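Participant: Fit chain Z to the known structure of chain U by using the hints.
Protein chains in written order, with the numbering used here: chain U, 42 to 463; chain Z, 9 to 246.
Everything labelled a hint here was simulated from the structure, so no lab data went into it.
Fair warning: this is a prediction, and the values are worked out from it, not measured in the lab.
One thing to keep in mind: the hints can contain errors.
[What the hints assert, rightly or not] A short list of chain Z residues far from chain U (calculated; beta carbon distances all over 10 Å):
#1 PHE118
#2 LEU175
#3 TYR232
[Stated by the list, open to error] Computed cross-link-like contacts, BS3-like style, restricted to lysine-lysine with a CA-CA straight-line distance of at most 25 Å:
#4 Z:LYS97 <-> U:LYS264
#5 Z:LYS229 <-> Z:LYS35
#6 Z:LYS102 <-> Z:LYS144
#7 Z:LYS97 <-> U:LYS354
#8 Z:LYS230 <-> U:LYS264
#9 Z:LYS218 <-> Z:LYS230
#10 Z:LYS35 <-> Z:LYS230
#11 U:LYS162 <-> U:LYS217
#12 Z:LYS84 <-> Z:LYS35
#13 U:LYS111 <-> U:LYS87
#14 U:LYS264 <-> Z:LYS110
#15 Z:LYS144 <-> U:LYS354
#16 Z:LYS84 <-> U:LYS264
#17 Z:LYS138 <-> U:LYS264
#18 Z:LYS144 <-> U:LYS264
Even glycine gets a Cβ: it sits at the ideal position worked out from N, Cα and C.
Residue-level listing of the chains:
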Amino acid sequence: MIGNIIKKEFKELFVLATLIPIVVIAIVFGLVGQTIGNVGERMEEKPVIGIVDMDDGDFSDIAMAVLTEKAEVIYDGSDAEEGLEEVREENGVALLVVPENFSQNIYANHQGEIEIYWIMKGAGLMDSISSGVVEGLIQAVNQGISTKLIQQDSSFDPALVLNPTKRVEATFFKGKEIEGLSSSQLGNMLSSQSIVIPIVVMMLIIMAGASVISSMGMEKENKTLETLLTLPVRRSHIVIGKIVGSALVGMIMAAIYMIGFSRYMTSFQISDINLADFGLALSMQDYLLIGVSLFTALLAGLALCIVLGTFAKNYRSAQTLIFPITALAMISVFITMFKDFDTIPAVLRILVFAIPFSHPMMAMRALMMDNYSLVIGGIAYTAVFTVIMIVIAVRIFNSDRLLTGSVQKRGGLGKLVWGFRR
Amino acid sequence: MKAVEVRELVKDYGNFRAINGISFEVKEGEVFGLIGPNGAGKTTALRVIATLLQITSGSVAVFGYELPKEAGEVRKIISYLPEEAGAYKNLTGKDYLNFIAKFFGDREKFQNMVQRGLEIANLGERINDKVDTYSKGMTRRLLVGRALMVNPRLAILDEPTSGLDVLNAQEVRRIINSSVEAGVAVLLSSHNMLEVELLCHRIALINDGKIVASGTAEELKKEYDAGNIEEAFVKAIK
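With the rest of the complex left out, here is chain U (with noise of 0.2 Å):
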């Protein structure tokens, strides 16, 4: 008996249509893994910096044979300036520059100074296990030099032994230079961001994407989408009240979400530092061009979702169609979290931009290194697919689809621009 009712259960959920998703996101998120790459294996990677010895003194030769050792050294030389432009050429992480009096300063009692001008390539997660590795480099330079000086005498002041160089540094990202932050500060500061926005994005789509899925599938349950579609209203006025409703009760649910989230963020906060006072603040247009981001993503997700609506058949089928929109927003969280858009393949690069929700995920990063193009062209990509999942929408309206499940056949654009007329 019990079996007989497993069997019917599995015939009825286990079909090709619950299947293709979950099979296209395996591999989907397969190939995203495999392209950011192993985070194990990059951290045992050798990082690759550019050193400037210009003290060649006893402490110095400790610090250049740690980081000749540890390492892979692409530039070793006396110009900063030389070595700094190779260093960006060769796709390296940081200059370390050694400068004159260095090894004298430690003789004296005094913290030597390493100059370390970062090239900050992304600011997602990832992007930051390099400069991980040389923060780590630091630190065995350090106990170089402490081991020499207990070695070498006892009347140095502990404080000093312990801790016998300071850093001074700067982070060269996209253009800008911001002096007084290493790229880990950078990064970690930006990261609030890495993550909050993605997130609140993917909840907005996802809530108001359900709202719009679901209507269409009550309008079928309840039996009022025939109704609906015989009253003296336009086919694309149905289709936009529905998206615009959808987006608006998205909005509201975001938001309260957005409240409890962002204070459960707040409490995990531990920089105090504020981006203002590196040239990294939003101006009120970037706040406009930011919010006109998320409402095209957002419409452009509820009209990807009403298309999706119509194949609904009920409230219940309804929920399982939210599944690709899900997991188109994951897959944008997940590499705009991880890896900034400059730093990621071309084939992810292409599918991050395809999907409208990564705009606003990534607007917030692109605006504070004035990279207006990005989220423009995002705001203009964005707009067109919310045009053309529009017109689907209201093809399909305008088709037997939404009825009987299957299409009669028009053929040709001008048909298509017709049924948006209607």
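Facilitator: Below, chain Z alone, put in the same frame as chain U:
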């Protein structure tokens, strides 16, 4: 002017031909009934005329407006009541009537329509309750009210008394008759032969997507030498 003019209408669902070249006319102020068994093509025909389905071939005109070219104009003058229609469950009955009426007219017309809808539905205080709490009969009366309150020139009613008890069915028939007296043309489908005889001025018997006979109830009974429409229908499809 003819309320409905259907010529050689064919409707295919993929390889299945649901309607196979039917032709009929509905006059102004007339109740015309499509009668046939399940799957005969009644609902498909009504859905095509209600602008819900595309035409495979043939032509359909409603008060001179050709489908599908002038579907927007047709929707302004028709009202369609599907067999298994529902209303939005989170709205009250009155809110539902308000929602529909807003599509049809200005402020003054809107008020009159809603008032007429309230009278037809005749749900008393329950009109202010959510549709979710209504019985099947109450929902159907609300929907009949919705369909007829907008003063359509053509009401397309698919099994208007489907699932209703005798008293509710009789009330719905009374409402339809009073609308016809006010000048509305009605095209309806039904399994209920008694209802058809009571309501319809003319009838078309439909089977396997084809109209097998048409005329007044008296003409059909006479033609097939039958005591009632049911008997005439059985003889017609043999």
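Participant: Hints numbered earlier in the text: which of these fail when held up against the supplied structure?
Facilitator: Violated hint (a single one): 8; every other hint is consistent with the structure.
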